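Line order of the protein sequences matches chains Z and X.
So the first sequence is numbered by our numbering: it starts at 1 and just counts up by one.
So the second sequence is numbered by our numbering: it starts at 1 and just counts up by one.
No lab work stands behind these hints: they were computed from the structure.
As the structure is a prediction and not an experimental result, all values here were calculated from the model.
Do not rely on the hints blindly, as some may be mistaken.
[Unchecked claim] Pulled from the structure, derived: some chain X residues nowhere near chain Z, Cβ distances all over 12 Å:
#: 1; residue: S156
#: 2; residue: L212
#: 3; residue: P250
[Stated by the list, open to error] Within a straight-line C-alpha distance of at most 27 Å, the following computed BS3-like cross-link-like pairs (lysine-lysine) qualify:
#: 4; chain 1: X; residue 1: K130; chain 2: Z; residue 2: K188
#: 5; chain 1: X; residue 1: K178; chain 2: X; residue 2: K152
#: 6; chain 1: X; residue 1: K136; chain 2: Z; residue 2: K188
#: 7; chain 1: X; residue 1: K55; chain 2: X; residue 2: K32
#: 8; chain 1: Z; residue 1: K188; chain 2: X; residue 2: K178
#: 9; chain 1: X; residue 1: K198; chain 2: X; residue 2: K178
#: 10; chain 1: X; residue 1: K198; chain 2: X; residue 2: K209
Here a beta-carbon is modelled for each residue, glycine too, at the ideal position from N, C-alpha and C.
Each chain is listed here by its residues.
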Amino acid sequence: MNAMNEIRTPAPAAVAARTPGSKSATRRIGEKALLQLAPFIFGFFMLAFWEIMVRVNDVPVYLLPGPILIAKTLYTDFGSLWPSLVITSRITIEAFLIAAVGGLLLGMLFTSSRWIERCLFPYAVVLQVTPVVAIAPLIIIWAKDTQLALLICAWLVAFFPVVSNAAVGLNSTDRNLINLFQLYGASKPQAMWLLKLPSAMPYFLAGLRISGGLALIGAVVAEFVAGTGGTQSGLAYRILEAGYRLQIPRMFAALFLISATGILIFFVLSLLSRFILRHWHESAMGDR
Amino acid sequence: MSSVSTAIQVDKNASMAAATEHASSRPLISIKSVDKIYPNGTEALHNVSLEIPGKPQFVSLLGPSGCGKSTLLRMISGLDRHTGGEIEWPTTAYDYKGRPLAEIGFVFQEPTLMPWANVFDNVYLPLRLKRQTRAKVHDQVMDSLRMVGLEKFARSYPRELSGGMKMRVSIARALVTKPKVLLMDEPFAALDEITRLKLNNDLLALWEKQNLTVIFVTHSVFESVYLSDRIVVMAARPGRILADLSIDAPYPRTEQFRTSSLYNEHCRDVSGWLKQAMAGVEDEH
Chain Z
1 MNAMNEIRTP APAAVAARTP GSKSATRRIG EKALLQLAPF IFGFFMLAFW EIMVRVNDVP
61 VYLLPGPILI AKTLYTDFGS LWPSLVITSR ITIEAFLIAA VGGLLLGMLF TSSRWIERCL
121 FPYAVVLQVT PVVAIAPLII IWAKDTQLAL LICAWLVAFF PVVSNAAVGL NSTDRNLINL
181 FQLYGASKPQ AMWLLKLPSA MPYFLAGLRI SGGLALIGAV VAEFVAGTGG TQSGLAYRIL
241 EAGYRLQIPR MFAALFLISA TGILIFFVLS LLSRFILRHW HESAMGDR
Chain X
1 MSSVSTAIQV DKNASMAAAT EHASSRPLIS IKSVDKIYPN GTEALHNVSL EIPGKPQFVS
61 LLGPSGCGKS TLLRMISGLD RHTGGEIEWP TTAYDYKGRP LAEIGFVFQE PTLMPWANVF
121 DNVYLPLRLK RQTRAKVHDQ VMDSLRMVGL EKFARSYPRE LSGGMKMRVS IARALVTKPK
181 VLLMDEPFAA LDEITRLKLN NDLLALWEKQ NLTVIFVTHS VFESVYLSDR IVVMAARPGR
241 ILADLSIDAP YPRTEQFRTS SLYNEHCRDV SGWLKQAMAG VEDEH
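Construct the complete structure from the given sequences, taking the supplied hints into account.
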């Protein structure tokens, strides 16, 4: 959170407007800090409430374990859950990277030729609207090994937001700037590299943020369908397995790790977006 | 048939020699009976002829909206094609796409800066597109920024600048290639009055120092009289030239000129022509 605050330096005018009296200024800063902490405070109280309710009502562990027990399980089972976390994360990251690079390239191909766009875009939509759970069994049959099948499933879900956002971004370049490039006789690669790609960046990065989360969802869903056991199993299989054995705290611990991974992906991509757009785009300039 | 393809493709060196030799006698741009008809049949320009001399001038294209003044400017720059007549640059070589070689600077109504690039890189762009390295043209870019008084803002980003400063960056970018002609399409129309007056003065000061022809599109009588030594009044439907007036007030012009009787006289005269240009439009309603 601190890192976010540093990036959000308010404009000088805003600072000037905020300093008529130092008292109100300090109060404002206090208020702002409280606002940043609000979700954590709320979360803490919710956890406390959960723990108390479980204890007071004597809820059995196999129905709903309290947060303290889940934390303990996470600590004791971490050794066996960690390798699964690595596997799920690896599939997610690989699928995401292929989707990001491939999506951008396909987006560029779309803008360079109307024909290619007309031919391919409807099928990209078809891939997007068909639920991955429904195609996963087929992919698992066709793909040589399960890891590859999982990768394909995760990629299928993550791919579309990048393509569509990149294509929209590349097509929404300022007309006057395009004219300017024409005027100075810019070549096609120059126009792409110096004009179209930079102006598509906010759209592309927004696509990445969506696609990062979707890659994780795709990886987990596909693994549920595949139900791979043994050494190569990811977190989704650990949840299934713990469910069969009624190890509910372990289920929650695995669930927690998946959520944490998703949050981390979103956070990293948001930081990346803010870093790249920090000088010019409204979205990276914080609250106004 | 566009003039560009009919123009004689002169060898670059020969044309350069010709340019210096005949700079004063031959026109810089010669526009002969140019028409522009859009595919839907609208006649944007009808039989427009205009000669821009080799000697630097400050020419304003003045007229009501829809008279085709911006279209004419874009056709001069090669951004739009005309459907009849000829536009020639008798003293200039053409590049392979039929555009006058590096002779044009263009300033749009909006500053049209790349928001992701700082001021230096925005001004460097025309040279970068001509594959000049940053190190080689660093001084040239800084000179251009100095001309508009923004050398201290080279590292700033467009969003950190005011509207007037952004427009100055746009002018610096147009001048960085040292063009013969600066084409300006209502550049100050979106700015507030005070900034506009200031930029008018700065533009005049710049123009007097450089060996430069300015073609300035505007719909303001006062702005055109203050700046120009020649005003071309245009009328709409179809777009055509109504009058070619010369403003014989000496340069340098200062704020005192704005209050002089000579200025008022010219404004009255030009307003009269503009009224006539509007008359046809109003009759239609």
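Now the hints, each set against the structure:
Against the 12 Å criterion, S156/X falls within the reach of chain Z, whose nearest CB is about 9 Å from its own CB. The claim that L212/X lies off the interface holds: its Cβ sits roughly 17 Å from the closest Cβ of chain Z, which is beyond the 12 Å cut-off. Every beta carbon of chain Z lies more than 12 Å from that of P250/X, the smallest distance being close to 34 Å; the non-interface claim holds. With a C-alpha separation of about 13 Å, the suggested pairing of K130/X with K188/Z holds against the 27 Å cut-off.
Using a Cα cut-off of 27 Å, the hinted pair K178/X and K152/X holds, with the two alpha carbons roughly 21 Å apart. For the hint linking K136/X to K188/Z, the alpha-carbon distance of about 24 Å falls within 27 Å, and the restraint holds. Between K55/X and K32/X the CA atoms are separated by roughly 19 Å; this keeps the pair inside 27 Å, and the hint holds. At roughly 24 Å between alpha-carbon atoms, K188/Z and K178/X fall within 27 Å of each other, so this suggested pair holds.
A distance of roughly 23 Å separates the Cα atoms of K198/X and K178/X; the hinted pair therefore holds under the 27 Å criterion. Restraint check for K198/X and K209/X: satisfied, since their Cα atoms lie roughly 17 Å apart, inside the 27 Å limit.
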